[in-house]
Each structure stands twice: as C-alpha cells, then as structure tokens.
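A.B. asks: Chain residues, written in single-letter form:
There are 2 protein chains.
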Amino acid sequence: MGSDDKIVDVNFESLLRIFTVPEAPDSTLGNIEQKLSQNLNEFLREHIVAEEKPLSEIEKDFLNSAIPETPTFVSEHTQHLLDTVVSHSVHTSAPSFIGHMTSALPYFLMPLSKIMIALNQNLVKIETSKAFTPLERQVLGMLHRLIYQQGDDFYQHWMHSAEHSLGAFCSGGTIANITALWVARNNALKADGDFQGVGKEGLYHAMMHYGYKGMAVLVSERGHYSLKKAADILGIGQQNLIAVKTDSQNRICPIALEETICHLKIQNIKPFAIIGVAGTTETGSIDPLDKIADIAEREECHFHVDAAWGGATLMSNNHRYLLKGIERADSVTIDAHKQMYIPMGAGMVLFKNPSAMTSIEHHAEYILRKGSKDLGAHTLEGSRSGMAMLVYSSMHIISRPGYELLIDQSIEKAKFFANLIEQQQDFELISKPELCILTYRYVPLKTKKALAIASAKEKEELHQLLNELTKFIQKKQRENGRSFVSRTRLTPEKWGRMETNVFRVVLANPLTDKGILHSVIEEQRKIAKTSPIVLPKIETLTSTILQL
Amino acid sequence: MGSDDKIVDVNFESLLRIFTVPEAPDSTLGNIEQKLSQNLNEFLREHIVAEEKPLSEIEKDFLNSAIPETPTFVSEHTQHLLDTVVSHSVHTSAPSFIGHMTSALPYFLMPLSKIMIALNQNLVKIETSKAFTPLERQVLGMLHRLIYQQGDDFYQHWMHSAEHSLGAFCSGGTIANITALWVARNNALKADGDFQGVGKEGLYHAMMHYGYKGMAVLVSERGHYSLKKAADILGIGQQNLIAVKTDSQNRICPIALEETICHLKIQNIKPFAIIGVAGTTETGSIDPLDKIADIAEREECHFHVDAAWGGATLMSNNHRYLLKGIERADSVTIDAHKQMYIPMGAGMVLFKNPSAMTSIEHHAEYILRKGSKDLGAHTLEGSRSGMAMLVYSSMHIISRPGYELLIDQSIEKAKFFANLIEQQQDFELISKPELCILTYRYVPLKTKKALAIASAKEKEELHQLLNELTKFIQKKQRENGRSFVSRTRLTPEKWGRMETNVFRVVLANPLTDKGILHSVIEEQRKIAKTSPIVLPKIETLTSTILQL
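Protein chains in written order, with UniProt numbering: chain P, 1 to 548; chain V, 1 to 548.
Keep in mind the hints are simulated off the structure, nothing from the lab.
Some hints here could point you the wrong way.
Keeping only pairs whose Cα atoms sit at most 27 angstroms apart, straight-line, the calculated DSS-like set for lysine-lysine is [as the list claims (entries may be wrong)]:
hint, chain 1, residue 1, chain 2, residue 2
1, V, LYS352, P, LYS213
2, P, LYS457, P, LYS446
3, V, LYS213, P, LYS245
4, V, LYS200, V, LYS352
5, P, LYS190, V, LYS114
6, P, LYS475, V, LYS370
7, P, LYS200, V, LYS35
8, V, LYS370, P, LYS53
9, V, LYS35, P, LYS35
10, P, LYS53, V, LYS114
11, P, LYS213, V, LYS265
12, V, LYS190, P, LYS213
13, V, LYS373, P, LYS53
14, V, LYS213, P, LYS190
15, P, LYS476, V, LYS370
16, P, LYS370, V, LYS60
17, V, LYS114, P, LYS35
18, V, LYS475, P, LYS265
19, P, LYS200, V, LYS190
20, V, LYS245, P, LYS370
21, V, LYS471, P, LYS370
22, P, LYS373, V, LYS373
23, V, LYS476, P, LYS370
24, P, LYS514, P, LYS526
25, V, LYS213, P, LYS213
26, P, LYS60, V, LYS373
Here are the simulated distance ranges between beta carbons [stated by the list, open to error]:
hint, chain 1, residue 1, chain 2, residue 2, range
27, V, THR70, P, LYS476, 42 to 48 angstroms
28, P, LYS190, V, GLU76, 43 to 49 angstroms
29, V, GLU221, P, LYS475, 50 to 56 angstroms
30, V, LYS529, P, PRO68, 47 to 53 angstroms
31, V, LEU16, P, ASP153, 21 to 27 angstroms
32, V, LYS529, P, ASN353, 27 to 33 angstroms
We treat Cβ as the ideally placed atom computed from N, Cα and C, and that holds for glycine.
Between the sequences and the hints, there should be enough to build the whole structure, so can you do that?
C.D. replies: Here's what the structure looks like:
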C-alpha cells in the first residue's frame, strides 16, 4: 500500500498527507483511480437495469449508525463501495431504463466533472468562484436567450450587471419553481405606502394591508408535486394551489382556468400566479401557453412556465413551435439534468425582466455586499458548486444542432413506440406522446371487447383489476432487472375519469433502440400471463360479460 | 483526434458515440482525462490564491449569449476551460487561502467523486438510487447519533423506517435551516379542530385560527443571513426574525432572549422557534446552548441549532463539550462541505424526533407513494445527487479520530494565530477564537495610544478611517493573490458597539502552517504602509490627539 492510501495511525502527518496532491501519476491513488474507472466503465457498459436484491437485504450493509473509530485504506474502501454500493445501484444509463427522466450522460462529462470537483468553487460569492461567476451568468444568459430571444444589446446590458439577474442556478427544478413563486408572491404583495412588503412584514400583515382573504396559484391537475411544496413553504397553503381541469390530451382547459379565476376573485382570493406546464411529468403534455399568457396578462398575474422537463425542446428548431408562448412567461424553470443530459443537480429559473428578482434580493456584511456581482444575492440557496460549468461545456461540445438531433430523435422514438403499442391487440395507449413521454397499459384483447359492452359497475370492477395487473407487471419487470418502466395513475377522459394505473415511459436515452422497445412489451405480455390471481379474475369477469 | 472526441458532423451516429463508454483505456477521452488530471494537480499544488485579473477582463471571455451553432472538439474545449476557467478560478485549497469556509479537500475524494458522477443516481426515489437510499439514511443516522447519542436500539428502529426520517440531506446549510424552520412553523400551526394546519390552509388562516398577530423566530444578532431568507420565504417576514443582543464574546444574552420573548408575547406574536448558533459565520462563536434549551423548553418553542460550521466539532472528544446542550435541540443543521472537508453541496438537517418531519411530508402518484422508503417524501428539494456517498466515504477513510485531529489542530492553530496577533504592537485582535475563526485589524501603535485618550468624536473619526484602512488592506492583499483573508463588519463591545471593519480568518486548511500566518500579517503591515490617502489621514489625526 502506498503512503497516500491510508492514515495508518491517526497522526497529524498522515492527515496532512491525505490533503496533499500526489506528485507522481503512478501514485497509489492514481492506481486506485484507474481501477475504479475501469470498473465504472464496465458497469456503465452493462445493459441491465439493476441486479435484483430486495431493499431489506441491501439495507443490511448500511445498519451501523456509529462513525467508525478506525480509519480504512482507500483501496479497501473503494472495493467496499464497488461491492455494496455500485453493484446495487440503478443503471440509470442503461438503454432499457426508460422509466424516469434520469438518463445516460455524455461520456465526456466524466473527465470534465473532475474540474468541478477538484476546484471546489463556491458560487455564492466571487471571492470563492472568480471565473465561475461570469461563466454561470453566461449560462443563464444563454438559457434566457433560448427562451426570450432578446438581441445582443439586451444581453450586453444585463447579463453581467451587478444589480440585476437573468435568473438563478439551483440544485433542481423544485428550488427553481419555489424561487419563481417566491418572486411572484413578493411582487404581488410588494411595499405600498406604510406597508413594507411581504418579505419584510410577512403574509399576515400583507393580507391585512391588501385586504385579500387568500393568495392562489393556478396550475393544471397534471402540475408537478413540487408546486404543492412551494404553496406550503411560501405560506400560501396547499389548498390554494388550485388544480385546473385538463382536456383529453392532459392540457389545461383555458375556459376552466378563467372560471376558476373568476370564482377565486368572488371569494376575494388573489390569484397571483398561473403556471403553464411545458412537459408534464407524467404524460409530457404541453399546456396552451399562448392562451394562458393572454389570461395572465389580462388578470395581471405572474405567468410561470414549468419547463423543467420540456424546456430543452427549445433547442430544436423543428419542435420549438410546441412551446409557443413560453417567450411571454415572466419566469421559466428548466432542468439541465433532464433533457440536457447534465449530471444531477442542475436546475435553473429564468426571469424575463432582469429586475424581477429584486423582490427577493438579500445582502450580508461579509459577502453579497451591495454592488458586488456575487451570485448569492439572488439565489434561494447559499453555498453552491460550479455545476454551471458542465452546462457550459455541453453547450459547446454538443452545440445547439446536436441538442436538436437528440430532442428530435427522442420525439420520433416516442412516436414509433406509440404506434407499436397501438398495433398490439392486447395493449392500450393511454396518452400519446407530444414530447418523448407516453403512457399505456396491458389489456387482454377479450377484455377490451368486454369493456366496450360492460355495465358501469362491471367497467369499474374490470378497471380495478386492470389497475392491479398493471401494478403487478411493472413491479415484476423492475424486479427482473432487464428493463424498467415507471408507473403512475391518470384519470383518462376516455375512461370517464376513472383512476387508471399506467406504464409510463420516458424515451430520453439516445442508446434506446427499437429492438429494446419491442422486447419491453414482449416481456410485459409474458409477465402478465404469469399473474397468479389477478389475470384469472380478469378472465372470469371478461367471460361473464361476453357471455362466453 | 479520436472518434470519441467530437461530433464531427452533427449526425445521429456521432451523437450516439458520445453516449458510448469507450472500450479501450487509451481512448482519446482517456488521454484527455489524463492530461486534465495532470493540469489540475499542478493547479492544486500551486500555493497562490488567485492570479489577479480584474473581473471585467475575465468577463470578456463570457460575453456570448448565443448557444454555439457548431460543436467543439472535447480536447479543444478542455484546453479552453484550462485557459479561461481553471486559470482564473480561486485556489480555495491553497494553504494561504484563509478567508472563507471553503477549503482544501482530501485528495482521495477526486477518484471517489467519479462514482457519484458516473452512476448519476437520483436520490429522490429508490427506483433511481437503490443502494444509495439506505446509504444516505445511514449517513443521516451517523450524524444524528453524533448529535443525539441515542442507543443502537433507537437507530435500528428508526434509521430505515419508511414512515420516518432522522433528517434530510440538502444542497447546503441554507436549505437545511429553511427545512428546520418549515417543520417548526408547521408543527406550531398544526391541524386543530376544523383547521387543517398551515401547510394546507396557509399562514393567514393559521393566524386567524390561532389568534396570533405574528410568528417570530429568535436568533442572536450574529445569526446567518440565510435565516432572513427563511423568514421571508416562509411568510413570517424578515422583521419577525428577531436579532437578540450578544455579549462581548458574540454569544446570545439569555436574559435579552427572555426579555424579547416576553415582549413578543405581550404583542400576541408567537415565538415559535429559537435558534442557537454553534459557530457563528463571522466570529465562530458558540451560543450557550444549554441555557437556550431551558428557555425553549419552558416556552414550548422549537429549538434549532445552526451548527452548519461548528457541528463537526462534535467529532472531537476533546472539544465536544463546547457544544454542550446541542443534544437538546429539536433540529440541527450541519454542513459536511465545511469542517468535514466534502465538496460543495453537502448540507444536512437532523431532527431529534423521527416523527418531526411528518408535518412537511408529501407524496405523488408516480413516486413517493405512501409506505415507500423514497427519501424525497421528506426533503424540500426534489431530484438530488448521491453526494451522501462522499460523506460516507470520508467517515470511513478518515474515521472519527481522524476528524478529531483535524478539528483539534484547527482550533490550536487559531489560538496560535490569536496569540501572534496580540504580540504585534500594530494589530488588534477583535474576536478571540472559540473554534478556528478569529477577527482582527491593523491599528498603528501610535493610533492605539491615541484611541485610548481620544474624545468621543475623535474616536469615531479614527474608527471611520481605520475601517477604510482595513478595507484597503484586505482588497489589496486579495489582489496581490498570495493570500486571502475575508472582511466583515462587527460591533465590538470594547469599541462601544461602533461598526468596525475587521479581517476575518478561517483556519480550516490542515496545510496552513505557522510560517504562512506570519507572512499574512507581514504582508498586511506592508500594504498598510502603502495606503496613499487613509494612512496619512490616520497619522495626522493621531498626532493631533497625542499633541505631537
């Protein structure tokens, strides 16, 4: 073992050593790194999703709540990590892992991430981030321009302005959405006469001053669950996050939206923000943003677009039109760790107006002094890593046309898969893909026929059983570990808004090919037939209905 | 150039290639990585803080707001990063960078970080994090035990319980503090009769129901600025974050705390949380936690301890006593990216009661279903990276006694530096170190004498000038780039609470030796003497006062 591998005895000299950068490239740590890289590459090349082992078994490796009293060799610990952690983690990059938005990464990000980790910059302030500060401002500028398409003059003026901010880099879409609604709330309840604004005086005084009985945020019933957290934490209350009806394509109904606003105003509840979803988490649907913008404008509401998932579509000149109206939003959330293929932890919120974030600006004596360009004056978070660098690099290495191709092929692949499902007699497409997300379920052919003629009561009963079957198939497939689709519950118009369990597929990984898609449904069909209890029940009820 | 280096033409085959893990270890990307590592190691070995270049100059490299229309070679872009980003970033790991809490990292974290990046797990749910979920729960358990010292039974029962949570892993201390106060607010305004709780109904209804005129959080005037953000976002209002007087050692005055609570209650404002600071950001002072615990208990307030910086002291059996009383806190914030030497982005909040977080629990249809062990049900953030793994690894490789040594030597070094400053005739120690933070300033010897006999007006005048001088020295030293101390503004009792600019030093880097500390004050003394305007003014005024 080399001298940099272990704190052999816990003494200060050994500790100093672990903070010392090795001189020789063939140091012990260098060798460990090489071994580790090879092992990780093997893992990443494997095309299975997860080695099945029950969680309760895995937990046995993580039971000790005491911090170790003796140090471990780095080499020994690395092996321990490979055995207990790596081998039991999920291959989110496997081409058959098509159940969630977490997908493969471009391989060049592995070496480049080293820069981020090694430099350990803290972007809250320039004193600990120097070049990373203008870099992050540029990345925010790029995303702002992608959405709002202002001219060079605009960005020259605002991008690096100390007193302004085009947005905030966040750990993820949840913080981005909360930030947007925080800004919206504070602007809606701003200082006025004697009242110093909600930020200073709090919500109770704000309501008293403005004479409202409540503050409401409106979003379609397909809105992301993070918005509930936002309504809770902001003091608005979850019940004032109003879920507006969607149409058969899971898009918000503008008429229902207008009616809801009307209804709120009668109760003296102030609808201060309307959220359009550009890519719902469950179905990938895009709200009619232009129509929402009209309503928001008329009602003088903040218009926020949650494009955490779908925002990257703007990179494609071929599909940009799907998000028409987004350029009218007051704020937009985009997660680079979703369709921009950046490692976890790269959310962003952009504001049309460079002065919007003034309502949440804050300062401190030892950093974030007025007039400084410290990014921390406009972020909910404090200390933050230099994650923006990886967005910057991917923008340069992949470039916009590269992203366009990635987006386009994902959408085409989703269309292909939707067609494939529609061709199967024993599958049912539940939501067509607008982007690269779709939902479907398995329904035996005869049961389809039975559903067509069943009574309301029988229909409901069959539906319940199919829900159980969907759950059974999805769980079993996950346990088999060859592929993974996720599961959610929708209320399709076609089925009279009955709660319907569905498979949910996200086709973001460029390495997912048509063969894999074929085998995913093949496996699901096979699993369905092994269902020991539910399938027989379905078959019996089907026969009864069809009078076989 | 190898085939994995560039998307030569933007076509789908080239794009597939960048998502493909190279087979050969000597691939182009492999070579790029090696070159990069060497360059980073050189950077990390350099013992300067920053190459001075004005920000306006650096910004010139980050002006383009358009996303590139053509792809760049990975090798070319890497060189670009080395030239424009790495060379102009801050050496936060330099032993003479003693101005902020961001410090050096143990080198073994470089290879181990690869695991985190490459696996790209998402800890919001088990389906995208598998073994990382019990791992994170174990890390939270270890920290919980470090603070609350419960027995094995306790952790066996709660650590992996689906319905409970010992805390939350966060992007940083700010989110941790906000989470603690969110939980406290929701527990203080919980469901009661017809009222469904503040989370559901919002603050306005909550206040109406409970009949309060306001909700207050109390913390010493040295509390972290993130608490202001928390009061703002939670709807409490910044003015209801009440700053309580501190004593001459920058610790909260318990009597003043009690008086403030009394005063609030008379106004029908509910003091729902008291915060003790265990390591103030500016002076490293620790509040009398036991006394605060007594008061919080009596007043039935949530007792939160912000130990973002100082919490790691609990690892040292020799200094643990300094935080006596922390085990009585309802919640505690600890940042592993501070004194636990983990890369940026590893905050944690721990709750004494495994059921405390129920008040902010949330679910969704596609993940976080009831009964699942998904970590996301109890976090403010949604998607999150596997950062907990690096804490886990450091706990094992360094071990508790290793951390103890690191903490102990930091504190000893701070004491040494404080003594050194007191030995200088022309420096003044402003705050003694309790942990490894101290503050001081430069005051010419004669001016010290003048201050002792000056009139109130002269004293104030001199003080103003010294403030300017401190600012001048700190800026100049930063620009020189050899070392870095930060600057803040305190109101020392000794100087009648006059606002006093001070140098602030954080001695966390184990590689910072006594020689460096000598040279830091040597350089400051030299810089002071080059002050073209302020020093002469100070000297003139000094002479007048001393009647020379």
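A.B. asks: Are the Cα positions of LYS35/V and LYS35/P separated by 27 angstroms at most?
C.D. replies: holds, 18 angstroms
A.B. asks: Would the hint linking LYS514/P and LYS526/P be met if the CA-CA limit is 27 angstroms?
C.D. replies: At roughly 19 angstroms apart (the allowed maximum being 27 angstroms), LYS526/P and LYS514/P satisfy the hint.
A.B. asks: Taking 27 angstroms as the top limit, are the C-alpha atoms of LYS213/P and LYS265/V close enough?
C.D. replies: Status holds; Cα separation ~25 angstroms.
A.B. asks: Need the status of pair LYS476/V, LYS370/P: alpha-carbon distance at most 27 angstroms?
C.D. replies: Holds, because 19 angstroms separates the two Cα atoms, which is no more than 27 angstroms.
A.B. asks: Has the given pair, LYS60/P with LYS373/V, been kept, meaning a C-alpha gap of at most 27 angstroms?
C.D. replies: Given pair LYS60/P, LYS373/V holds - Cα atoms ~15 angstroms apart, limit 27 angstroms.
A.B. asks: Straight-line Cα separation of LYS475/V and LYS265/P no greater than 27 angstroms?
C.D. replies: violated, 54 angstroms
A.B. asks: Check whether the Cα positions of LYS373/P and LYS373/V lie no farther apart than 27 angstroms.
C.D. replies: Not OK: LYS373/P and LYS373/V at ~41 angstroms, beyond 27 angstroms, violated.
A.B. asks: For the pair supplied as a hint, LYS200/P and LYS35/V, is the alpha-carbon distance within the 27 angstroms limit?
C.D. replies: Answer violated: LYS200/P to LYS35/V is near 52 angstroms, above 27 angstroms.
A.B. asks: CB of LYS529/V to CB of PRO68/P, is that within 47 to 53 angstroms?
C.D. replies: holds, 51 angstroms
A.B. asks: Should the hint that LYS529/V and ASN353/P are 27 to 33 angstroms apart at their CB atoms be regarded as holding?
C.D. replies: At 48 angstroms between Cβs, range violated.
A.B. asks: Between the alpha carbons of LYS190/V and LYS213/P, is the straight-line distance 27 angstroms or under?
C.D. replies: holds, 20 angstroms
A.B. asks: Checking one constraint from the list: CA of LYS245/V to CA of LYS370/P, max 27 angstroms. Satisfied?
C.D. replies: Given pair LYS245/V, LYS370/P holds - Cα atoms ~25 angstroms apart, limit 27 angstroms.
Of the numbered hints listed earlier, those contradicted by the structure are 1, 3, 5, 7, 18, 22, 31, 32.
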